[in-house]
Amino acid sequence: MRRGLQFVFGGTMAELTATGDSRQGIEAAYMAQMRHKRILNLIGILIFAALLIGGFQAADNRNAGGFWDGLPNVLDFPGDVLSEAWERSQLLPGYFIKYLPSLLETINIAAAATLIGALIAFCMALLATRGLAPAPWLIAPVRRTLDILRAVPEIVIALVLIFLLGGGPVPAMIAIALHTIGALGKLFSEVNENASLQPVEGLQSTGASWMQRMLLGVVPQVAPNYLSYALLRFEINIRASAILGFVGAGGIGYDLRNTMSWGQGKFDEAAAIFLLLFATIVIVDQLSGVARNRLTHGKAFADKGAVI
Amino acid sequence: MLTITELTKTYGTKDAVQRASLQVDKPTMIGIIGRSGAGKSTLLRMLNRLTDATSGAVTFEGRPITALTGADRRKWQSECAMIFQQFNLVPRMDVVSNVLHGTLNKRSTLATLFNLYPDADVHRAIDILDRLGIAEHAPKRAEALSGGQQQRVAIARALMQNPKIILADEPIASLDPMNAQVVMQSLRRIHEEDGRMVIANLHTLDTARRYCDRVVGMRDGRIVFDGTPEQLTTGVARDIYGADASFSEAATSTQIDTLERETA
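If you read the protein sequences in the order shown, they are chains S and E. If you're matching positions, the first sequence starts at 1 in my numbering and goes up one per residue. If you're matching positions, the second sequence starts at 1 in my numbering and goes up one per residue.
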């Protein structure tokens, strides 16, 4: 060896190998452990397959019609919608303009609900995260509250509120916002749990208050995830707000209900509304991607030539 | 054996590696030194094809490496193992499974998904772990090991690939001096006993001098030095690092006896 290099392990393989017995023992133990795992995996897969097949048969038996008899008809409705829309495709641009105001109303309901819901969810998430919450005894009640908000379907809340407050966008907005608090509060607090406590400790060592530690130590870490969850929720809320239109909350859902009913010959308009909703979701998704990348990596990242 | 010709990588307007050329005729242990951001990592990543070169070519035993695509490219990656500064193991999987990942290129996705490796491979994985002195950790999760042990698992994964070249990107930068020594000696031993080519990015001069047959210096994306450890004088090192006369090797040394030498 050059320059009198002394190796800790010495030179040859034979010298390095631990005593033969322990090496054999290690190997036998590992092989046994591996076989054990493989058998458990196999059993797991068999149980899964059995449940899947059994469950399907149970569900199929309880179906009013037969699953296999109905299967060929599944595409009939979309087929009708598409063929009608295709026949009168020259009318589509006109429908886009006609339904744009109600689309805007729907998006407005979703946006207001997401914004209000996310702000309240942010506060509740901080109170519900172990390690961050200022009062540990509050964690369980806050979490249960979030569970309840998630458990009640927004359409139920909306129906009750519409009964109390009358039809219109405000009850829908409140209903969606309540559900958003439950959903985002849970997601935000899970994001918080994965945040590093080191910056928080760093700030604590300077004498920062709880609010300062959260806003300056935690939020910069979690903001990109918050944003992408909130924008995902915005997408879901657009769809939810469209559905609430069915029960009298206004917006594009009301128009969709009217055009989608069978036998009115308005399937072309329904198709136009679907296209509008699809385009909205795509646009929100694209915007959220850009915003998130900007927030995660900063503008400098793009300037360095990264493909965003 | 390995020929790098005018290899260039451009990010936006900045050249990370600029027209780097290198010729290696026989399996050698090569150390690449230079400041952070000098392009050392990018160069290694281009050799493994983790990063695509902007221009230039790499050939290995007549094979045009930079032109490989798809399955051919993955085949090359299996022959050209890589070791990382942060080990890049799968933390929640056991040590042997991590080592067996070295055979992924040869196995079907479905078989590896269910952890179905041939027994012979498992034996070989444990042999390699034994050779690196960490066989007793075989059933543990990778995340349960210390940094030095994890890096040896990473080396075992590399050896499992039975590679012609081992690329090591700052293999000891996250390790304490004792573990750094163990890891560097393992790499040296692999080079001497198995005759594999080892190319390591190093950030300490004494490590490069001590373990490498050949030292390459990079500065601002260019290769500015290529010679034997003996030719790497303090003056040359200052040029590579762009440092002034106050630059002292002992200040950044990882050798335990350096301080004693200084005070002696």
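To be clear, the hints were calculated from the coordinates, so they are not data collected in a lab. It is possible that part of the hints are untrue.
[Unchecked claim] Derived pair list, reagent style DSS-like, types lysine-lysine, alpha-carbon separation capped at 30 Å: (1) E:Lys106 x E:Lys140; (2) S:Lys186 x S:Lys37; (3) E:Lys140 x E:Lys14; (4) S:Lys37 x E:Lys106; (5) E:Lys164 x E:Lys140; (6) S:Lys37 x E:Lys140.
Hint check:
1. E:Lys106 x E:Lys140: holds (25 Å)
2. S:Lys186 x S:Lys37: Answer violated: Lys186 of chain S to Lys37 of chain S is near 34 Å, above 30 Å.
3. E:Lys140 x E:Lys14: violated (43 Å)
4. S:Lys37 x E:Lys106: holds (22 Å)
5. E:Lys164 x E:Lys140: holds (29 Å)
6. S:Lys37 x E:Lys140: holds (14 Å)
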